[in-house]
Amino acid sequence: MKRLLTLAFALISIGASAYRTDTLKVHSAIMDKDIDAIVVVPDKAFSEACPSVYLLHGHAGSFKFWPSIRRDIGQMADQWGFIFVCPDAGNSWYIDSPVKKDSQYESFMTRELVPFVDSRYNTIANRNRRAVSGLSMGGHGALFLAMRHPDIWGSAGSMSGCPDIRLHPNNWNLEDVLGNYANNSQRWDAVCVVNQIKRIRNGELAIIIDCGEDDFMLEMNKDLHTRLLGAGIDHDFTTRPGTHWFNYWQNAIDYQLLFHYKFFNKTDIR
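Residue numbering for the sequence shown follows my numbering, beginning at 1 and increasing consecutively.
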């Protein structure tokens, strides 16, 4: 009987998750405000340093988005051995707004959030062990940030992203952060993902892009794929059945994490 109880306890322990979820307020001196974030820490990180993956929400979303649509995010952290970082960015498009002083999210992400996470958590503080993925507005943000800062992120992924915001000048609070497109086209040009391609060399950044076949952003993503091919930038590009909706992203994130995992395990820390 004692052996049976011991075995049962062992099986329960194996099945149990030991991850930790922290809900934080990260102060931004740049914007003079606190930014909400969730950090999910895998069991592995309590004994050894782990890679980090930043998960970015879309327009009208929040730092709670990924933990809400993937309630198994803690188990995912344990499965992959990743520290997940889910910051809030409002409807900022993850850029430094020239018109809103309290919307400087490129600077916050690169100069404040990443150093904060690396100082607080058992991360491998190296671009070859740091990735970023996002959906819709967050897909734009992930590629925008990584293409402009490949010294910080070594792998980047977009799900149903918006790589050319100029095609939607009247939508999703873009005017709030960039001003009217007709009068400020140069501002818009400067932050389009498609215009960041020239900043990277082939092999400098691992890139994965996916979009649903019935997504209204599909053609935009196909265009990004064509532009990357034209620039000689290797990348993964996938379309699969789906629309611009939660059930697509719930599925797509698994493929993105596998891509980042493979990147982490084939690159040296240097």
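Since the hints were made in silico from the structure, they are not lab data. Hints may be right or wrong, so weigh each one.
[Unchecked claim] Here are the computed lysine to aspartate or glutamate pairs in the EDC-like style, where the Cα-Cα straight-line distance is at most 20 Å:
#1 198 - 151
#2 262 - 204
#3 44 - 96
Exercise. Within a Cα-Cα threshold of 20 Å, do residue 198 and residue 151 meet the stated pairing?
Worked result: With a Cα-Cα distance of about 15 Å, the restraint between residue 198 and residue 151 holds, given a limit of 20 Å.
Exercise. Under the criterion that the straight-line Cα-Cα distance not exceed 20 Å, is the pair residue 44, residue 96 satisfied?
Worked result: violated (35 Å)
For this session: Take the C-alpha atoms of residue 262 and residue 204, compute the straight-line distance between them, and say whether it is at most 20 Å.
Result: Roughly 15 Å between the alpha carbons, so the hint for residue 262 and residue 204 holds.
Hint 3 from the list above is the single one not met by this structure.
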